[in-house]
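Those protein sequence lines, which keep their order, are chains A and B. Each residue of the first sequence is one higher than the last, beginning at 1 in my numbering. Each residue of the second sequence is one higher than the last, beginning at 1001 in my numbering.
Just so you know, the hints here were simulated from the structure itself, not pulled from any lab data. Treat the numbers as computed from the prediction; the structure is a model and nothing was measured. Note that CB positions come from ideal geometry on N, CA and C, so glycine has one too. Hints may contain errors.
Label-pair restraints from in silico Cβ distances [to be verified]:
id, chain 1, residue 1, chain 2, residue 2, range
1, A, P208, B, M1012, 46 to 54 Å
2, A, E159, B, M1012, 23 to 31 Å
3, B, L1374, A, P96, 36 to 44 Å
4, A, P114, B, F1375, 20 to 28 Å
5, A, G132, B, I1358, 55 to 63 Å
6, A, S17, B, E1311, 27 to 35 Å
7, B, W1023, A, Y111, 32 to 40 Å
8, A, G14, B, M1307, 23 to 31 Å
9, B, A1005, A, D185, 32 to 40 Å
10, B, R1016, A, G6, 47 to 55 Å
11, B, V1402, A, G6, 22 to 30 Å
12, B, L1281, A, Y111, 53 to 61 Å
13, B, G1291, A, S140, 20 to 28 Å
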Amino acid sequence: MLSLKGIEKIYSTGSVSVRALDGITFSIREGERVSIIGPSGCGKSTLLHILGLLDVPTGGSLMLDGTDVSTLNETELAQFRGRKIGFIFQSFFLIPSMDAISNVALPMMFYDVPAAERLQKAQKMLGRLGMGDRLHHVPSELSGGQRQRVAIARALVNEPTLLLADEPTGNLDSRSGEEVLKIFDELSAEGKTIVIVTHDPSIAKKSPRVIRLKDGKIEKDERKK
Amino acid sequence: MVDHAELFLYSMNNMRRRKMRSWLTVIGIVIGIAAIVTLISVAQGLSNSINEQLKSFGSNTVVVIPGDIRQQLSPFGGAARPPSVGKLFKNDEERIGRIAGVDLISSVINSRASIDFKGNLVTASISGVEPSVFEGSQNIELEQGRFLTDTDKHTAVIGYNIAYDTFGKQPVQVSSVLSIGKEGTRFRVVGVLKKAGSTGSTDSAIYIPLEDARDLAGSSITPNEVSGIRFVAKEGFEVQEVVDEVNYELLSAHHVREEDKDFSFLTAAFLQEQVATITALLTLFLGGVAGISLVVGGVGIANTMFMSVLERTREIGILKSIGASNEAIQEAFLIESGLIGLSGGIIGVLLGLLFSIIGGALGVPTAVGIELALFAIFFSFAVGIISGYLPARNASKLPAIVALRYE
Ligand SMILES: Nc1ncnc2c1ncn2[C@@H]1O[C@H](COP(=O)(O)OP(=O)(O)OP(=O)(O)O)[C@@H](O)[C@H]1O
Ligand SMILES: [Mg+2]
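The shape of chain A in the complex, shown without the other chains:
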């Protein structure tokens, strides 16, 4: 469902140019669970942003669900981001002025979901993630683990085919981290395609496939059997 060919990202700031990604080629099948690991600065986040259509590569091609994304215009990209991809950030990125349920309902605002149904779905999703009793708390009234669960609910609510997470447990204590990981386990068991960038060896250990980056290149791509 996802395939990259020769993906390249060069940042040029003034006279210095940084080759953050250098010829990344791999594909991910439907329902696969992949961890991307590697030392700091090796290009993991950059790669994930490109997968999430938040950033554009300076070279190479990306196919998502049979579409070459370089052919999409701004509006179509926005639709892809909203419908096919759920993105989870290390620092949650919730909207601070909105309560949990509004945050979760937000992605549906950009599509033809009726307002009443949106709130119903958001509530259901929060309930599934154990946040049913925190519907009307704003982010500042929630713990880190709770915020990340709201963020995951938001990423899932449009039923995306691809779930991307950039160090989802990076800002959490180990217990909250465990809980979040359990959610990923469940989603994986349901057949969701998940790509997680992580420093955490215990996450990587659970993954059936681990891609190790180094200096913008794939050092190792191994599948456990």
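Fit chain B with the ligands to the given chain A structure using the hints.
Same frame as chain A, now just chain B with the ligands:
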């Protein structure tokens, strides 16, 4: 695609988060709109009230006055040429009277004099007229008594205000006696006019026979001189054609060419034209002055919107990451700036209306049309949208990842 109602709520919510700033920005627009509405309504009211007064000047009535009024009214010509020193005389009246189409002709001698009634002394303007004036005027009706006649001497017809207001508690009535002028010549009142109301000009008038007025004026006018000649164009004659003939006659009588003629014609059409020009200029000027404050308000909106975009850069990135299109982002910010403009417009119009009502109560003529109110509201909304356009576009064009990385 995007739920516009929900987007509207989102923008409202953002404004509420910065309540103080939003209101201050709204006030910038309120001031501009209130100023526009108030000033234009004053200009409009002024124009209306002048036109109302002009109505008492019948559409067939023509007044010939000395001097070239076009030269004096012209904003550029006045200084270039000295005002004409010409005068009008009783024999000009006779010449004009012989022209076909001229009817009910009367000379007029205007002066100011002190008037004493039972020890109350006031100064007022006095018109010496011939009886045909009353026939030639519309909206001039008697409350009591009669008009002046050819044989009258030392008699007066007075306006409603002179009768009931000018001299305090004691009304001046038919057969009351007024002492007029330095020598205290006694004039017997023979008629009191009905209230003319807003058309006003006759309410404070005092009419006396022409030759009595000449005696009062004494040496301030030369023998046979008159202040003006008034006549009516006969039924079936074009006013302008009659005026052209009179013009021709007077030019040859005064031995002057058209360029340096020393008399002018006042007609209803001419006066209305002059008033229209002046009030249009006034409206433009006042509207322009108020418009400047609206521009300042618009800059205020743009400023607020740029701040709003800046402080919500991260949020824009978040919205984009969950599927908001550029159009949706732009719309959200335009709703915000449009709402600021719109609420500023509505409050401004209400305030302008209030000022106009207060002004009206204080005697300043004002007139607020529904068109002016609607135009002002629409205009302020447009100012909001235009001022918000650039900030909104900037916001929508931010690449998702750049917005998300913004600290
Ligand atoms: N906007 C940018 N402009 C210039 N260079 C950038 C930019 N973003 C990232 N880089 C560079 O690209 C390289 C890869 O960065 P990236 O954030 O992908 O690393 P990472 O693997 O996610 O690191 P970490 O594990 O610390 O999060 C780094 O060397 C970084 O300095
Ligand atoms: Mg990173």
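(request) Kindly indicate which numbered hints from before are broken by the structure, ordering the numbers from low to high. (result) Structure breaks hints 4, 13.
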